[in-house]
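Enquirer: Can you make the complete structure from the sequences, with help from the hints?
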Amino acid sequence: MNSAPPIIHLKDIHFSYPGGKAVLNHLDFKFYRGDRTGLIAPNGSGKTTLFHLIMGLVKPSSGKIELFGKPVSTARDFEDVRRRIGLLFQDPDDQLFSPTVMEDVAFGPLNLGKSKSEAQTIAHRTLAYLGLEGFEDRITYKLSGGEKRLVSLATVLAMEPEVLLLDEPLNGLDVDTRAKIEEIIFNLDLSYIIISHDIDFLLSTTAQIYTIKNGKILFDDKLQIHAHRHAHPHGQYPHEHE
Amino acid sequence: MLQEPFAVGNSILHRIDPRMRIAAATVYSVIVALSRHFPTLATAVGASLALIMLAKLRPRDVVIRLIIVNSFTLLLWLVLPLTFQGSVAISIGPLSVYHSGLIMSAQITLKSNAILMALMALIATMTLSTLGSALNRLHLPDKIVHLLLMTYRYIFVIEQEFQRLMRAAQIRGFRPGTNLHTYKTYAYIVGMLFVRSALRADRVYKAMLCRGFKRKFYCLHQFRTGKEEWLFGTAMGVAVMVLIYLEWLKAGV
Ligand SMILES: Nc1ncnc2c1ncn2[C@@H]1O[C@H](COP(=O)(O)OP(=O)(O)OP(=O)(O)O)[C@@H](O)[C@H]1O
Ligand SMILES: [Mg+2]
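Protein chains in written order, with this note's numbering: chain A, 235 to 476; chain B, 411 to 663.
Note that these hints are calculated values from the structure, not bench results.
A portion of the hints provided could be inaccurate.
As the list claims (entries may be wrong) - For each label pair, taking beta carbons as the anchor points, the in silico distance ranges come out as:
{"no.": "1", "chain 1": "A", "residue 1": "A256", "chain 2": "B", "residue 2": "F584", "range": "34 to 42 Å"}
{"no.": "2", "chain 1": "B", "residue 1": "L492", "chain 2": "A", "residue 2": "G278", "range": "52 to 60 Å"}
{"no.": "3", "chain 1": "B", "residue 1": "I518", "chain 2": "A", "residue 2": "S307", "range": "51 to 59 Å"}
{"no.": "4", "chain 1": "B", "residue 1": "G636", "chain 2": "A", "residue 2": "G368", "range": "27 to 35 Å"}
{"no.": "5", "chain 1": "A", "residue 1": "G368", "chain 2": "B", "residue 2": "G456", "range": "47 to 55 Å"}
{"no.": "6", "chain 1": "A", "residue 1": "Y363", "chain 2": "B", "residue 2": "N480", "range": "44 to 52 Å"}
{"no.": "7", "chain 1": "B", "residue 1": "R425", "chain 2": "A", "residue 2": "S378", "range": "39 to 47 Å"}
{"no.": "8", "chain 1": "A", "residue 1": "G347", "chain 2": "B", "residue 2": "I654", "range": "43 to 51 Å"}
{"no.": "9", "chain 1": "A", "residue 1": "G368", "chain 2": "B", "residue 2": "V473", "range": "43 to 51 Å"}
Keep in mind that this is a model prediction, so the values were computed, not measured.
Glycine included, C-beta positions come from ideal geometry on N, C-alpha and C.
Expert: This is the structure:
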């Protein structure tokens, strides 16, 4: 077990959208530095909501959130932690709002108080890291779906976060782009939580896989067995391990 | 997702300091809006056309935008000439078309086209964040700048959502007509449009917050006032002077 406090600690969280039924209910969750966690759960089970709670974009109706060992509740508290946690939105169109790729990637660093030239250097470096050299002056709304996803990832990585929250990063991508993003994520030297419906992807990029049931986060044994089968796609017979 | 087709370009106007462009566009628009004589308004339309050419905007995009605005002025042409009292220009059966209404409609049409074209050439040629920080540097309060930028953003977002909804209706064989079904469909589309735009705006804003947005826009544009700026400023100054001369001195109101 890790003796350092969890960097994300949700205690008895309850959340419902106005007028809706409870989405998250008595939810407890701990996430430690170095953890690589997968989250697989049905549509509408509250995965995106969970990420938004961690970022302080929606407020729990009850319960406590601790980030990096400190309780956070006010908008101000969250402002400080947002720079340390990067959220990749489910829909890249929500994330890219500047006309050019360069401006979008530099937006975060500029908000963090970097100078124009520093921000541009960071943006160039991040784009190059993701294999997006030469994309600087491309128009964001004219990018393909896969390119948008990569640029979104660049806008998040440019903030140099300590933790990444990736909301369905492979959604709607072709095989090649999937492989590329999978490799990039795998090689990241960061702690992260990935939401995905693709068990094989989670198996190769994360160390533990959770699910959400009835508004609670569970470590699902069945899921791990299920996962294990898929881990040997070439094995002739799927098998359960004791 | 934001469409700013005019913002990318490399014309002389694109390179002029945004603050200078904003100041020029403001003064120019106010003068055109206040003018009422046709020689002035015609000159203004000409000047605006010249600006569009200078900005090297794609004629197709410009025309599309003009058509949108002029569909509204068309409405005025249908209403004003019939309702304004005064000397009758033409009588068609029981309908009287009034002179002053016609003149008013013509004035509004010329004015709106001149102003719109000038704004396309001068303002739409800068990106959102550039516009924001330029306004900031012109010492407009942050809150107003913020409001302007967000309004500007929503227009594009709403337009896009509208097109998506219309497509969704069209691919299922929706043909507008004058019947209840059409009105109901349009009502749904408009209602849906508001809901979707609000949700989208909310998500975009959240994404901005996640990246440390503190209600302040930075931009990578370097502001400088050099020879080109003064040249442009002088040219615009002369244009405005000509308009003022035509409107208030020559006509002698
Ligand atoms: N803005 C909102 N207002 C009201 N209800 C919402 C809102 N956003 C989500 N919900 C509801 O909350 C529940 C959880 O939504 P959430 O987006 O967190 O699910 P998800 O697990 O991310 O689903 P998916 O796999 O489809 O992305 C859903 O039932 C959804 O209908
Ligand atoms: Mg989701």
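Enquirer: So, for every hint listed, does it hold in this structure?
Expert: Now the hints, each set against the structure:
no.: 1; hint: A:A256 <-> B:F584: 34 to 42 Å; result: 38 Å, holds
no.: 2; hint: B:L492 <-> A:G278: 52 to 60 Å; result: 54 Å, holds
no.: 3; hint: B:I518 <-> A:S307: 51 to 59 Å; result: 54 Å, holds
no.: 4; hint: B:G636 <-> A:G368: 27 to 35 Å; result: 29 Å, holds
no.: 5; hint: A:G368 <-> B:G456: 47 to 55 Å; result: 41 Å, violated
no.: 6; hint: A:Y363 <-> B:N480: 44 to 52 Å; result: 49 Å, holds
no.: 7; hint: B:R425 <-> A:S378: 39 to 47 Å; result: 30 Å, violated
no.: 8; hint: A:G347 <-> B:I654: 43 to 51 Å; result: 46 Å, holds
no.: 9; hint: A:G368 <-> B:V473: 43 to 51 Å; result: 33 Å, violated
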